[in-house]
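Peer 1: Given these sequences and hints, build the entire structure.
Residue numbers (UniProt numbering), protein chains in the order written: chain A, 1 to 628; chain B, 1 to 477.
FYI, nobody ran anything at the bench for these hints, they're computed from the structure. These numbers were taken from a predicted model, which means no experiment stands behind them. One thing to keep in mind: the hints can contain errors.
Taking beta-carbon pairs under 10 Å as the criterion, some of the chain B residues facing chain A (in silico) [claimed, not checked]:
1) Pro4
2) Met5
3) Ser51
4) Asn52
5) Ser122
6) Gly124
7) Ala128
8) Gly134
9) Ile198
10) Tyr328
11) Gly331
12) Thr381
Here are a few chain A residues that sit away from chain B, every Cβ distance over 10 Å (derived from the structure) [unchecked claim]:
13) Arg274
14) Leu293
15) Glu294
16) Lys296
17) Ser316
18) Lys318
19) Asp351
20) Ala354
21) Thr484
22) Arg546
23) Tyr574
24) Asn583
25) Ile584
26) Glu620
Taking lysine-lysine pairs in the DSSO-like style, the calculated list, with each CA pair at most 30 Å apart, reads [to be verified]:
27) Lys54/B - Lys355/A
28) Lys296/A - Lys38/B
29) Lys380/B - Lys402/B
All C-beta atoms, glycine included, are put in the ideal place defined by N, C-alpha and C.
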Amino acid sequence: MDLRRPNRPVIGPKVRQVGFVTPDSAAATSSSSIPAVSAAAATSAGSPPSSLSPVMIPPPRHPSTEMSNPHFHPVGSYNPSEQILGSPPALSPSRSSRFDADGSDFGGDDDESVALSGVGGGMTPKSSLLMRQPVTKTAPLVSETHKRDSNVSKGKGDGPSAAPKEKLTKAERRATQEAQRAAKAAAKEAAAAGGAPSVSKQPKPATKPATQQKKDVPSGSGPLQPLAPSGSIEKKQGKKEVAAPHPRMQFDDMTKVGKLKKRAVVNQSEARNRVELFRHLPQYEHGTQLPDLELKFFQLDLIHPSVYQVGLQFLSDKISGGNARCIAMLLAFKEVIQDYTTPPEKTLTRDLGAKVGSCVSFLIECRPLSVSMGNAIRFLKNRISSLPHNLSDKEAKSRLQSDIDRFINEKIIIASKAIVEHGVSKIRDGDVLLTYGSPSVVESIFAYAHGIKKNFRVVVVDSRPKHEGQGLLRRLVERGIHCTYTHLNAVSYVMHEVTRVFLGASSVLSNGTVYSRVGTACVAMVAHAFRVPVLVCCEAYKFHERVQLDSICSNELGDPDAISKVSGRKNLNYLDGWAQNENIQLLNLKYDATPSDYVSVLVTEQGMLPPTSVPVIIREYGIERLWT
Amino acid sequence: MDPPMDFQVVVLAGGTSDKLSPLVSKELPKALLPVANKPLLSYPLELLEASNLKNIIVVVEGDEAATQVESWLSVAYMDRLNVEVVKTPGDVGTVGAIRAVAPFLISTDILIVSGDLVSDTSPGAIAATHRRHGAAVTALFCPAPVSGGADSSTSGGKDKAKKPSRCNIVGLDPTRQFLLHVVSGAKVEKDIHIQKRIVRAVGQMEIRSDFMDAHVYAFKRTVLLDVLEKENLYSIKQDVLPYLVRTQLRSEISAKKENSADESSNGATKELPSEDININSAVPSNQNLRWLSQHREIAPSSYQEIHISDCDMNKSRPAKKTHKCCIYLSGKTQYCARLNSVQAFGDINRDMLGEASRITGYTFSAQNNVVHPTVVQGAKTTAGGQCIIAEGTILGDKCSVKRSVIGRHCRIGSNVKIVNSIVMNHITIEDNCTIQGSVISSNVQIQERASLKDCQVGAGYVITAGSEYKSEPLTKK
Chain A
1 MDLRRPNRPV IGPKVRQVGF VTPDSAAATS SSSIPAVSAA AATSAGSPPS
51 SLSPVMIPPP RHPSTEMSNP HFHPVGSYNP SEQILGSPPA LSPSRSSRFD
101 ADGSDFGGDD DESVALSGVG GGMTPKSSLL MRQPVTKTAP LVSETHKRDS
151 NVSKGKGDGP SAAPKEKLTK AERRATQEAQ RAAKAAAKEA AAAGGAPSVS
201 KQPKPATKPA TQQKKDVPSG SGPLQPLAPS GSIEKKQGKK EVAAPHPRMQ
251 FDDMTKVGKL KKRAVVNQSE ARNRVELFRH LPQYEHGTQL PDLELKFFQL
301 DLIHPSVYQV GLQFLSDKIS GGNARCIAML LAFKEVIQDY TTPPEKTLTR
351 DLGAKVGSCV SFLIECRPLS VSMGNAIRFL KNRISSLPHN LSDKEAKSRL
401 QSDIDRFINE KIIIASKAIV EHGVSKIRDG DVLLTYGSPS VVESIFAYAH
451 GIKKNFRVVV VDSRPKHEGQ GLLRRLVERG IHCTYTHLNA VSYVMHEVTR
501 VFLGASSVLS NGTVYSRVGT ACVAMVAHAF RVPVLVCCEA YKFHERVQLD
551 SICSNELGDP DAISKVSGRK NLNYLDGWAQ NENIQLLNLK YDATPSDYVS
601 VLVTEQGMLP PTSVPVIIRE YGIERLWT
Chain B
1 MDPPMDFQVV VLAGGTSDKL SPLVSKELPK ALLPVANKPL LSYPLELLEA
51 SNLKNIIVVV EGDEAATQVE SWLSVAYMDR LNVEVVKTPG DVGTVGAIRA
101 VAPFLISTDI LIVSGDLVSD TSPGAIAATH RRHGAAVTAL FCPAPVSGGA
151 DSSTSGGKDK AKKPSRCNIV GLDPTRQFLL HVVSGAKVEK DIHIQKRIVR
201 AVGQMEIRSD FMDAHVYAFK RTVLLDVLEK ENLYSIKQDV LPYLVRTQLR
251 SEISAKKENS ADESSNGATK ELPSEDININ SAVPSNQNLR WLSQHREIAP
301 SSYQEIHISD CDMNKSRPAK KTHKCCIYLS GKTQYCARLN SVQAFGDINR
351 DMLGEASRIT GYTFSAQNNV VHPTVVQGAK TTAGGQCIIA EGTILGDKCS
401 VKRSVIGRHC RIGSNVKIVN SIVMNHITIE DNCTIQGSVI SSNVQIQERA
451 SLKDCQVGAG YVITAGSEYK SEPLTKK
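Peer 2: So this is what it looks like as structure tokens:
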């Protein structure tokens, strides 16, 4: 990360980093030659230049699923080596020639598959041929050295474009192998085993030409990779997931989704036309969930009424915002604890923990948890499990309730007051302050600064579809603060006059990445380009030890209809009935990740810190260390 | 046993309604009036049972009616529902009925269902909406019945002319979640007076007159009990609901309540006056005050003080005591009707045979009718589509039954035509009678060659041979 900072232009590559960087690219940038080489390869292969080359999906595959339908293979999968991995004996020259034939046949289908992908662009027949050839040639040379491998394949190369291709694979081999390992590790961590395979099963998922090439290249290095470990890793992953579904489950695995559905309380029908890159995120048909859940109101005896109420409010977006949701949840849990009686022959610590767990899973069905809620739940479960066994029910309950009260009070209310005090110190007379969306803490800072007669002006930047900024604007104007309201599109224009940018955050991760309302990264980046300091205000209980480099792995998808419909413009109906059209996929992301490069300072209740200090805060003041 | 989801259910079964004479009498209270051969009260009870609401309080007007309802309930729902019958003296109104059961009410919210509701709108949905908004009251409104079909079109016209009382003027916010204005029944005047304050708070109000109050309300118990303390309230629909709606921005009801009532008022404090519901109800909660306020609905009082002081410090306008009145609109596909007139009785019976047959729970045969296996049919007798004929009925030769309901143990002679009619139990119809569009109560005897059209015949009446009646209510003197 540090290496990149000086030599990279400010705007270009960093834009990419915000949206589309996966762990691979981190590895890829470590040997900086790779992107250039792959770009050259892409251009030589006759496909569009690889401006999107960093888009890389970690390619863990299930050999079993690949093997199950070999006929599908030449068409759908862009990494024939995977099959080769599974069946080395088949790698005779005759087989390879058949492969070529398949490739040329496949050329006809290729257009179709690209059209189905819906993202545009595609692999030309030529490129697909080229991609396949090195694989078939390298395959017989598994036992040989790199040098000979490349030599032989060069000799056999049937076109001028094949030779550079071969060089490329050699050059990339190590890096991509590393990348692949890193990706696998990441995938393992995120329980992503199911992620790619379903992608590769269908002919559709030709997301972007660059993606395909990238995918192909690592798979080209497949034969050199030891086989057994990767297989065993995948097996392990499978077992793990069967045992306990990971909180960050991958939603493109049909079997797992099916299992989840059986248990689900909320009626969740999978949304159609999900954007390929975000298939691993949960997304359901909106509009049917709320009525269905309401119908079942009296049928769900197991869920406490207050949890149910909070769930309904989450589902209908009546409560939103990290702090609000967290407090609502905790107060609901407080009532659950209040009404709880330990059943006979069970212990409170265990049974209550399970009960809270079931409440949490209901809330997750209503809306995925925010990091702040996750932390709060962890705190609560921690407190439950650490209760001494000799306590009576009454004592235990009152202790837990006071714990929750303290959490809300100290970690949220007092913390936000402390943040306000810190934040106000950074407001000078004559400042023009910009904020995005409607962060609650930032609003308190503005209100307080106005209260102590600071003279400043506020620019509220807003965006569709939620228009949260309008509420903020109204309240600020009510207080008599001079405001400007604009939309995200105009942020580069208003940034000229801005002297400070105050942003809120849903979470701050341990590498300093700020995970916040979608659009925040854009504002921060523009501010950075204009050399305007960016202050991110965030309570420390929202910090998380996770590392996230992009906004793809973990995000939340909103209702696509929210962006397809423009309120007040009835004639803008071009997207009506989009769900029927396979070629349209609407993406309504809720969060994005702002790299720490763009954040000047984090304002927390512990003071103002550089984003690099997040791990320290987590270590010293983390949830686990609370009152222990 | 705890009430599920902290909801208690009160069914107001009524007594012997004047509006339904001559069908209803002392022997047959309104609750037991057969609709598609099932007592009327079984419809709301089964609706509630389907929603897993098994502890039900039924309020019946009048001693005799109460005894009858109770004995019927004990037989029909003995092992299924836990029903408690409470009797009130006649003519106390719905508010009086609620006053009678007030000591039994313990849960946070109360669901009040009219006993004459025939619907498949889930009470759970209403309750959930109520909870979601933390409202003081949530009312179910359904599209007012537009009398459709050839036969009922004439009566429909008549309906509108003679019963403006059934249409309400309803004011809704643009999202159709909040009830901003309601004038019901007889109080509808030429001019509609709308409070400026509410319009200002909301920005935009939608006024409809094609919604009908289905008389299903979810009340916050504290609010309800508060309202009950007031004098001169008689009907929930005409007095309580308009009162709550009218005062939603300057609520007095919960002012003196301690915690729980305070929650509702404070929760609403931020909701209505801050034009949240109006301009963009899509804009969710935003400010910290707002999020704190959201929780106030479930927050303990210790937090409230902090938050209220917060609000007062920051808010330019003083915090007002308010409460929320919400509305649940039943969908177009759902059936919802109230049996509160003779006309409605006929309409609902027809609907049970036709479009809303799913509610009855009968399985219709291939001929689209329900004929009990014990029914004896004579030669060349036809039971057409949309018919229900209950057990023990004997039909003579060459009879024709179309779009009608025939009750238990009727004896029907030869060559009788019954079209579009409701024939209750133990009725004797002799040969060559024609009955069209009529309602015939139990134990009526119709002698031969009589002809009835659009008549309502009270129980035990005897129609002499060869007589003809048109559009008359006939009762035993």
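Peer 1: Next, verify each hint and record whether it holds.
Peer 2: Each hint tested on the structure:
Look at Pro4/B: its Cβ gets to within about 5 Å of chain A, closer than 10 Å, so that hint holds up. Given the 10 Å rule on beta carbons, the hint for Met5/B holds: about 5 Å separates it from the nearest Cβ of chain A. The interface hint given for Ser51/B is met, as the beta carbon of that residue sits about 4 Å from the closest beta carbon of chain A, less than 10 Å. A least Cβ separation of about 4 Å between Asn52/B and chain A falls short of the 10 Å threshold, and the interface hint therefore holds.
Because the closest C-beta pair between Ser122/B and chain A is about 5 Å apart, less than 10 Å, the hint holds. Evaluation of the Gly124/B hint against chain A yields a held restraint, the C-beta minimum of about 3 Å falling below 10 Å. A least Cβ separation of about 4 Å between Ala128/B and chain A falls short of the 10 Å threshold, and the interface hint therefore holds. The beta carbon of Gly134/B is positioned within 10 Å of a beta carbon in chain A (closest approach about 8 Å), and the interface hint is therefore held.
A cut of 10 Å between beta carbons decides the hint on Ile198/B: the least distance to chain A is about 19 Å, and the hint is violated. For Tyr328/B, the interface hint holds, the least distance from its beta-carbon to any beta-carbon of chain A being 9 Å, beneath 10 Å. Checking Gly331/B against chain A by beta carbon gives a least distance of about 8 Å; that is within 10 Å, so the hint holds. Nearest Cβ of chain A to the Cβ of Thr381/B: about 43 Å, over the 10 Å cut. The hint is violated.
With a least CB separation of 23 Å from chain B, Arg274/A remains clear of the 10 Å interface cut-off, as annotated. Its closest Cβ contact with chain B, about 7 Å, brings Leu293/A to no more than 10 Å, contrary to its assignment away from the interface. Remark: the non-interface label on Glu294/A conflicts with the geometry, its nearest Cβ contact in chain B lying 4 Å away (cut-off 10 Å). The beta carbon of Lys296/A is not kept farther than 10 Å from every beta carbon of chain B, the shortest such distance being approximately 6 Å.
Against chain B, the non-interface label of Ser316/A is violated: not every CB pair exceeds 10 Å, the least being about 6 Å. With a minimum CB-CB distance of about 6 Å to chain B, Lys318/A fails to clear the 10 Å threshold, and the non-interface call is violated. Listed as outside the interface, Asp351/A is consistent with that label: its C-beta sits roughly 18 Å from the nearest C-beta of chain B, beyond the 10 Å cut-off. Every Cβ of chain B is farther than 10 Å from the Cβ of Ala354/A; the closest lies at roughly 20 Å, confirming the non-interface assignment.
Once the 10 Å rule is applied to beta carbons, Thr484/A is consistent with being away from chain B; the minimum gap is 18 Å. Arg546/A, annotated as away from the interface, keeps every beta carbon of chain B farther than 10 Å; the closest lies near 25 Å. Non-interface status of Tyr574/A relative to chain B is upheld: no Cβ of that chain comes within 10 Å, the nearest being about 21 Å off. Every CB of chain B lies more than 10 Å from the CB of Asn583/A, the least distance being 28 Å, so the non-interface label holds.
For Ile584/A, the requirement that its beta carbon stay farther than 10 Å from each beta carbon of chain B is met, with the minimum near 23 Å. Separation of Glu620/A from chain B is adequate, the least Cβ-Cβ distance of about 26 Å exceeding the 10 Å criterion. The suggested pairing of Lys54/B with Lys355/A holds, with an alpha-carbon distance near 25 Å, which does not exceed 30 Å. This hinted pair checks out: Lys296/A and Lys38/B have alpha carbons roughly 26 Å apart, not beyond 30 Å.
Distance check on the hinted pair: Lys380/B and Lys402/B sit about 14 Å apart at the alpha-carbon level, within 30 Å; holds.
In the structure shown, a violation is registered for the earlier hints numbered 9, 12, 14, 15, 16, 17 and 18, in ascending order.
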